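If you want the building blocks of each chain, they are given just below.
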Amino acid sequence: MSEPSPSAYPTLPFLAWDTLWFQVAGTICNLRCTHCFISCSPANHTHGMLTLESVSRYLREAESLGVKEYYFTGGEPFMNRELFQILEATLELGPATVLTNGLLLDARRCRRLKALESTTDYSLDLRISLDGWGSEDHDRIRGEGTFHRAMQGARNLWDAGLNPVFTVTELAQGIASPAGRQRFLEQLRDFGISKPRLKALSLFHMGSEAQRGRGYHPWERLEASTPVNPEKLQCGSGRMVTSQGVYVCPILIDTPAARMGQSLEEAQRPFVLAYPACHTCHVQGVTCRT
Amino acid sequence: MSLGPDRIAVFGGVYSNHLALEAACRQALAQGAQSLYCLGDLGAFGPHPERVFPILERYGVVTLQGNYEESLAAGRPDCNCGYTDPRDNHFAQISYDYTAEKTPAAAKRWMAGLPKTLRMERAGRRILMAHGSPRRINEFLWHSTSPVPFLSRMLDEQRADLLLVTHTGLHWHRRLSPRRDVVNVGSIGRPANDGRTHVTYALLTLGEALQVEFVPVSYDVEALAQEMRQEKLPEEFIETVRTGWWTTCLEILPAKERAAGRY
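Just so you know, the protein sequences line up as chains H and X, in that order.
Just so you know, the numbering used here puts 172 at position 172 of the first sequence, and the rest follows in order with no gaps.
Just so you know, the numbering used here puts 2 at position 2 of the second sequence, and the rest follows in order with no gaps.
Just so you know, the hints here were simulated from the structure itself, not pulled from any lab data.
This one's a predicted model, so the numbers in the text were calculated from it and none came from an experiment.
Yeah, the Cβ is synthetic: ideal placement off N, Cα and C, and Gly gets one too.
Incorrect hints may appear among the rest.
Facing chain X, from chain H, some residues (calculated, C-beta under 10 Å) [to be verified]: (1) LYS68; (2) THR97; (3) ASN156.
Straight-line alpha carbon distances no greater than 27 Å define the calculated DSS-like cross-link-like pairs of lysine-lysine that follow [as the list claims (entries may be wrong)]: (4) H:LYS114 - X:LYS108; (5) H:LYS232 - X:LYS116; (6) X:LYS256 - H:LYS232; (7) H:LYS195 - H:LYS114; (8) X:LYS256 - X:LYS102; (9) X:LYS108 - H:LYS195; (10) X:LYS102 - X:LYS116; (11) H:LYS199 - X:LYS102; (12) X:LYS232 - X:LYS108; (13) H:LYS232 - H:LYS199; (14) H:LYS199 - H:LYS114.
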């Protein structure tokens, strides 16, 4: 697929290396969420697991470029057998956040995470994805029993002394309104998490979500004349590493033209915002960062 | 003529706490500070924003523009503090609307002319001061999310050896290499979310070696709480000054900083 024409869409400059993402579990997941924008599943090997060796190579480059913070996602990151070693290497250089569905957060893993966190000045953060409060909303998207198991993982983290951020998609009833958000925080307090942390996320109408919900409309594109702000859009200051190379952002890893090179250095160049997902980020102010 | 090394006091985040500001200035001079610097955010949170300006003038405090001053001077509808959570923004808006209403027009004009950064050189060290960061007035530089490689890059780009910032309200010092340092000077308007009611400024001794001391400042907390009550400021703010625990602006905290507080 060829690069889109810069005359038809806005071009975003790359300002600085603030955020580096790793697709550490590739597109391999223990769930098949029906809203996944990259259709992760146990069988999706489009992007493979990243190895410690590969991540370490990128970390060396990231150190010289002065990266501010690191994020790990998948798929399900805890399916990567080298994740703890990868996090240990990362936390020597900066803060790290892991995005998880919470299912593999047993008490032993949570204690290991806490031990890791205790050895560094930098923050180690965990983000647990929810699609609603209770099995009815959440399990419809993620599979039977997943709400209960995710919350058990959250409890294990809390008991170990780590306070996760709950990342809640707009499929959760009322999460977009301040009152709905407040209700969600109260529910977390009732659950026993006295300092609840919450991040709402928009849906991207691609991948599995295009079948479950809807695909993008033709008009959901940015125009060349749209003023875009590289300080607000995450592609102005971050990139995503997968087993296939360096991509512009965590959302567009199934878009061949969004692959920006093999090294971080190759990837620090402007990007043409030609894709419907770019419209979502711009219009809704989405950032994958916490 | 100064015989010893330069000693300067640097603080930020006054947040209209005129009682703490007066106490900090007095204490800094008693500790031998030759110059006083304020890195911005004079208003917000506390009562009577107009009481801050005469104190800054009396003590000759060199003042930088924070996001609060930038917003007030430009007549913006909000403080541009950089919060992402609706509850944080709700309380930030109460602060801002109150401060905007009570800040005299002449003070707003004065704010418009304040510098955003300040550079100087002492003992062969290139010093740079800014509010949030040199690149963005409302950037939060927290201790647990401002790693050494990132700060080193920032100092390279800015051609500086010592960077002083504020904006977060939490003080820290990170040594990048023997003669390269970043200091967040913290806030003298609000306690540092550690269950103690004092506020903090940074006392820097700029000799061959750099010494950074975070100085606790005690002031009449109950008098401030009383003024806040009279001005009908939120009970949540009053609780913070009386207990030393933050009750608002919590969602923006990184994991480590959030874990350290009560809420």
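Hint check:
1. LYS68: Holds, about 4 Å.
2. THR97: Since the shortest Cβ distance to chain X is 8 Å, the answer is holds.
3. ASN156: 16 Å, violated
4. H:LYS114 - X:LYS108: 48 Å, violated
5. H:LYS232 - X:LYS116: 21 Å, holds
6. X:LYS256 - H:LYS232: 25 Å, holds
7. H:LYS195 - H:LYS114: Holds, because 17 Å separates the two Cα atoms, which is no more than 27 Å.
8. X:LYS256 - X:LYS102: 36 Å, violated
9. X:LYS108 - H:LYS195: Distance of about 37 Å is beyond 27 Å: violated.
10. X:LYS102 - X:LYS116: 23 Å, holds
11. H:LYS199 - X:LYS102: 34 Å, violated
12. X:LYS232 - X:LYS108: The given pair, whose Cα atoms are some 23 Å apart, holds under the 27 Å limit.
13. H:LYS232 - H:LYS199: 17 Å, holds
14. H:LYS199 - H:LYS114: 22 Å, holds
Comparing the model with each numbered hint stated earlier shows that hints 3, 4, 8, 9, 11 do not hold.
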